[in-house]
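Residue numbers (the working numbering), protein chains in the order written: chain A, 1 to 156; chain B, 1 to 156; chain C, 1 to 156; chain D, 1 to 156.
These are computed hints drawn from the structure, not numbers from a lab. Be aware that one or more of the hints could be misleading.
Since the list can't tell identical chains apart, any single copy or any two copies may satisfy a pair.
Straight-line Cα separation of at most 30 Å, DSS-like style, residue types lysine-lysine; simulated pairs [stated by the list, open to error]:
#1 Lys-142 with Lys-114
#2 Lys-142 with Lys-130
#3 Lys-114 with Lys-130
4 protein chains.
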Amino acid sequence: MPSLEQQTGEIIDWLHRLYEQRLPFNRVLGIEVTSLTAEGGTMAFAMREDLVGNVFHRTLHGGVISAVLDAVGGLTASASLVARTACLSEEEVGAIFARVGTIDLRVDYLRPGKGERFSASGRIMRTGRKVAVVRMEMHNEKAVLVAVGTGTYMVG
Amino acid sequence: MPSLEQQTGEIIDWLHRLYEQRLPFNRVLGIEVTSLTAEGGTMAFAMREDLVGNVFHRTLHGGVISAVLDAVGGLTASASLVARTACLSEEEVGAIFARVGTIDLRVDYLRPGKGERFSASGRIMRTGRKVAVVRMEMHNEKAVLVAVGTGTYMVG
Amino acid sequence: MPSLEQQTGEIIDWLHRLYEQRLPFNRVLGIEVTSLTAEGGTMAFAMREDLVGNVFHRTLHGGVISAVLDAVGGLTASASLVARTACLSEEEVGAIFARVGTIDLRVDYLRPGKGERFSASGRIMRTGRKVAVVRMEMHNEKAVLVAVGTGTYMVG
Amino acid sequence: MPSLEQQTGEIIDWLHRLYEQRLPFNRVLGIEVTSLTAEGGTMAFAMREDLVGNVFHRTLHGGVISAVLDAVGGLTASASLVARTACLSEEEVGAIFARVGTIDLRVDYLRPGKGERFSASGRIMRTGRKVAVVRMEMHNEKAVLVAVGTGTYMVG
């Protein structure tokens, strides 16, 4: 029987693969999970021609930014639930994460999405029994803050 | 010299092509502009395997929903500027639309994004000299309201 | 024993008094509940010197607008729960409404809050088991749309 | 003729008095400005019976929280403009601050508004020529984070 620590590590690994490999639209965006602990996650993706939204300035589509912020917010909300999975069966663990969903999202587009590579991170503001609130940020490779956001997620 | 009506029609056609054909990420999403007047626009897109975000329930990725709502909001904000283009040169008209950008976006995910085909529409709530506010809605092919949103756009 | 219709009417009356008379800050704002059914509510309040926020233009404080929109959103979310109170004891009914709380609130300030009397109304966009989403609007006495908002409320 | 430093200090003092003494609804809320520099401001206010919104739990009205967050956001956006007032006449300086207004506001109610004294602070995320974005936080006297918010302000 795995220790609690082993189990937590396995669930973190499973979430990592889920967000990076198994969510089709995350693959369209080219998202990599660059770090993940129970405290939160970070993601990165490279600029590509087909992620452009403003053809005049060749900057990221606002929808790419909102999609990545939503993804890292959902990842962070999910990671905050890992402690709840202790002593549950695989099926029960799956049910916990299947229930996670975005209730609402706000995105502030602070500066044009110019750059070669972007990273996004989430920070938990509240984890209740039913609802989690996460604040998110996206920077380019020069550490310019491109966008911030806040998401409310169903977690129970 | 084209009449004002002709000119307006031409600019509407140009916006239609811009949003449907020339914005790379809109093509990734498979967005069609299904109607467009100076009063606002509607868009539609088909469900596809790679737009899935929740593999447990096979529903649209929240980021697809936010991206399409942002796109139809930007289209509606742009269409509201057509009246300002009277008597301007082509270059000046281009400059007006190049300046349009999302300041912030709020999305409420009301029901799971289940369906075969989705449509999204925008309605102008305010057009100021500098800022426009648009409310957006997305329905599936059974007229189920999947999501609503509000966007604030720079327009001057 | 009261019929279901009587009971619903009594609960609506109780909510009406709760929001108009028993919430101290609603009295500070001078809020009246002008209509209330299980489908939603409307509120009104008069302009007063001490509700001013911008001394240059003598317009409503943004915080008055957000406070009234939150109040009418909470009233609408509460009214949507009336159907759930059938056959419950008084204590159980109280517990349902004590649980109602705002999770998040978004307000768009569309036009300056100028006027003599303002009215605000709410419309339910979603009522789930745990969360309700309400869209709100505020007009002045000339039917000018001053602000719109969206609130997410805990309801279970 | 005052030095630039003196002038900046005077404008900061003027903003301090404006937000604390001259905005009627801020006085209703009992807001004090507890610190103010060109980098941002903080405010505090005491719990009072008439600021209660939930009579079941005797917590702050959500509208009090949104009003204070909006106020500290507007104060922070205004303070960020002080550098622009160099070498302007008194009238021109007044015109700059008269133009500041909230475009939109999001408030996340993280924990019940319980406490004796609350403080709120703002942090500038972006100051453009026309629009500023501020993130705000409110804590009680035990340093419990009660609410966070984000506001978009017209500044030009």
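To see whether the hints hold, each was checked on the structure:
Taking CA atoms no more than 30 Å apart as the test, Lys-142 paired with Lys-114 passes inside one copy only; the shortest distance there is 10 Å, against 39 Å between copies. Taking identical chains as interchangeable, the C-alpha atoms of Lys-142 and Lys-130 lie at most 30 Å apart only when they sit on different chains, with a minimum of 25 Å there against 37 Å within one chain. Taking the shortest alpha-carbon separations for Lys-114 and Lys-130, only the inter-copy value of 21 Å comes in at or below 30 Å, while the best intra-copy value is 37 Å.
No hint from the list above goes unmet by this structure.
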